[in-house]
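A.B. asks: Keeping the supplied structure of chain A fixed, place chain B upon it in accordance with the hints.
2 protein chains.
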Amino acid sequence: MVNLKHSPKISDQDRTKQQIVVLRWGHRVHRDARLTSHVALTARALGCSGFILSDSEDGKLKETVEKITQNWGGDFFFEMGNSWKTTIKNWKSKDGIIVHLTAYGENIQISNVLNKIKELKNDILLLVGSQKVPKVFYTNEVSNFNVSIGNQPHSECSALAIFLDRFFEGKELSSSFRKAKIKIVPQKRGKKTLLT
Amino acid sequence: MVNLKHSPKISDQDRTKQQIVVLRWGHRVHRDARLTSHVALTARALGCSGFILSDSEDGKLKETVEKITQNWGGDFFFEMGNSWKTTIKNWKSKDGIIVHLTAYGENIQISNVLNKIKELKNDILLLVGSQKVPKVFYTNEVSNFNVSIGNQPHSECSALAIFLDRFFEGKELSSSFRKAKIKIVPQKRGKKTLLT
Chain A
-9 MVNLKHSPKI
1 SDQDRTKQQI
11 VVLRWGHRVH
21 RDARLTSHVA
31 LTARALGCSG
41 FILSDSEDGK
51 LKETVEKITQ
61 NWGGDFFFEM
71 GNSWKTTIKN
81 WKSKDGIIVH
91 LTAYGENIQI
101 SNVLNKIKEL
111 KNDILLLVGS
121 QKVPKVFYTN
131 EVSNFNVSIG
141 NQPHSECSAL
151 AIFLDRFFEG
161 KELSSSFRKA
171 KIKIVPQKRG
181 KKTLLT
Chain B
-9 MVNLKHSPKI
1 SDQDRTKQQI
11 VVLRWGHRVH
21 RDARLTSHVA
31 LTARALGCSG
41 FILSDSEDGK
51 LKETVEKITQ
61 NWGGDFFFEM
71 GNSWKTTIKN
81 WKSKDGIIVH
91 LTAYGENIQI
101 SNVLNKIKEL
111 KNDILLLVGS
121 QKVPKVFYTN
131 EVSNFNVSIG
141 NQPHSECSAL
151 AIFLDRFFEG
161 KELSSSFRKA
171 KIKIVPQKRG
181 KKTLLT
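Which chain is which? The protein sequence lines are A and B, in order.
Just so you know, we're using the numbering used here here: the first sequence kicks off at -9 and counts up by one.
Just so you know, we're using the numbering used here here: the second sequence kicks off at -9 and counts up by one.
Think of the hints as simulated: they come from the structure by calculation, not from any bench.
Among these hints, one or two may not hold up.
If chains are identical, the list can't say which one is meant, so a pair holds when it fits in one copy or spans any two.
[What the hints assert, rightly or not] Pairs of lysine to any residue, SDA-like flavour, derived with a Cα cap of 25 angstroms:
hint : residue 1 : residue 2
1    : K178      : T76
2    : K173      : L110
3    : K84       : E69
4    : K52       : G119
5    : K173      : V103
6    : K161      : G37
7    : K108      : G86
8    : K122      : A23
9    : K106      : N130
10   : K181      : N134
11   : K84       : K106
12   : K122      : D65
13   : K75       : K161
14   : K106      : E162
Excised from the complex, chain A in its bound form (with noise of 0.2 angstroms):
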């Protein structure tokens, strides 16, 4: 049984709002390893409330995830080894849903699909895949949404952030982060940091 410490319907202090996870799926150990803790520290940077490695391990990855979880503060989860079938199913017995970003998906320029998700309310588990994923993402036995960043070949580390950018409306960037050890303080020349 997956323990998904924030899935939907666990309470906690940040309830209140619609909350969202990232699901990697397709990470390779050692060609991946670079492209996927960008897309971690995305989603951890941007607003979202944990990070699932599913079908993997990679130790190594956890640790810088949850080190800069520690020094940066906030209350971001790492979890990695479970099935994203397990994974999935899970979150939607406690009414998660479920938005796959693809290039192929409903371009969020010109549609209104960011609407649709804002407005069902329910807790997200953002699919990020990172190789070709199996085709039953796609359909309702495993997606709710299919969302494009636009409809070119790019990246899923661009499309996440600027997925989490307009589903947050920016306020995600002014966010502080508890119990930080370090902060930036930004300026217009120069590296300013505060340690607490």
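C.D. replies: Only chain B this time, still in chain A's reference frame:
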């Protein structure tokens, strides 16, 4: 002498709007291959005119990006091998400005830095580092603006994507790419492409 095909003041049919070219600094051929290709493809898909890999050569990367452009259309150029110093000097000599993307810069969400950049109307060379960048990048010897996409560590690929999405106000995601051999037809389910 750098040959910037789309550099400032070189006239072409798209010269009516403020253009952006990405300069990738610090690329390590093996370690960064996939991330840099995602950065370049993000630049192409999200409205940039070209991509410059500075201080490094990577024939395989060039081939990957140019093949995407051949198949998916548009006028995106790829250059490599020149030093960042020469490229920046040349860019500035043609009234172009330099924007450095960094987690330490002015936060795009809580400052008016994006408006200031857009008001200038000069073409933009967007510096995207791969590793720790030289300190001089933060000074006015190099950059006109240091811009952060939030002040958390995440990904230069994500930072670039959000900068471009906000700069072009989303329009880049619905633009058509001329001379495309292949196009995606966005839809709710499945994968549909058109060969032209």
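A.B. asks: Could you run down the list of hints and mark each one as holding or not?
C.D. replies: Verification of the hints:
1. For the identical chains of this complex, K178 and T76 are inter-copy neighbours only, at 24 angstroms across copies versus 47 angstroms inside a copy, given an alpha-carbon limit of 25 angstroms.
2. Neither within a single protomer nor between protomers do K173 and L110 lie at most 25 angstroms apart by alpha-carbon distance, with minima of 34 angstroms and 31 angstroms respectively.
3. In this assembly of identical chains, the alpha carbons of K84 and E69 lie at most 25 angstroms apart only when taken from the same copy (18 angstroms versus 50 angstroms across copies).
4. In this assembly of identical chains, the alpha carbons of K52 and G119 lie at most 25 angstroms apart whether taken from the same copy (18 angstroms) or from different copies (24 angstroms).
5. Proximity of K173 to V103 under the C-alpha cut-off of 25 angstroms is restricted to the inter-copy arrangement: shortest distance 20 angstroms between copies versus 35 angstroms within a copy.
6. Within a single copy, K161 and G37 get their C-alpha atoms as close as 9 angstroms, and across copies as close as 24 angstroms, so both meet the 25 angstroms cut-off.
7. For the identical chains of this complex, K108 and G86 are intra-copy neighbours only, at 13 angstroms inside a copy versus 40 angstroms across copies, given an alpha-carbon limit of 25 angstroms.
8. Proximity of K122 and A23 under a CA criterion of 25 angstroms is satisfied in both settings, with 17 angstroms inside one chain copy and 19 angstroms between copies.
9. Taking identical chains as interchangeable, the C-alpha atoms of K106 and N130 lie at most 25 angstroms apart only when both belong to the same chain, with a minimum of 16 angstroms there against 45 angstroms between chains.
10. For the homomeric pair K181 and N134, the shortest alpha-carbon distance between copies (15 angstroms) is at most 25 angstroms, but the shortest distance inside one copy (43 angstroms) is not.
11. In this homomeric assembly, K84 and K106 come within 25 angstroms of each other (Cα to Cα) only inside a single copy, at 19 angstroms, whereas the closest approach across copies is 46 angstroms.
12. For the homomeric pair K122 and D65, neither the shortest alpha-carbon distance inside one copy (31 angstroms) nor that between copies (27 angstroms) is at most 25 angstroms.
13. For the homomeric pair K75 and K161, neither the shortest alpha-carbon distance inside one copy (32 angstroms) nor that between copies (36 angstroms) is at most 25 angstroms.
14. Taking the shortest Cα distances, K106 and E162 sit within 25 angstroms of each other both inside one copy (20 angstroms) and across copies (22 angstroms).
Checked against the numbered hints listed earlier, the structure breaks hints 2, 12 and 13; every other hint is satisfied.
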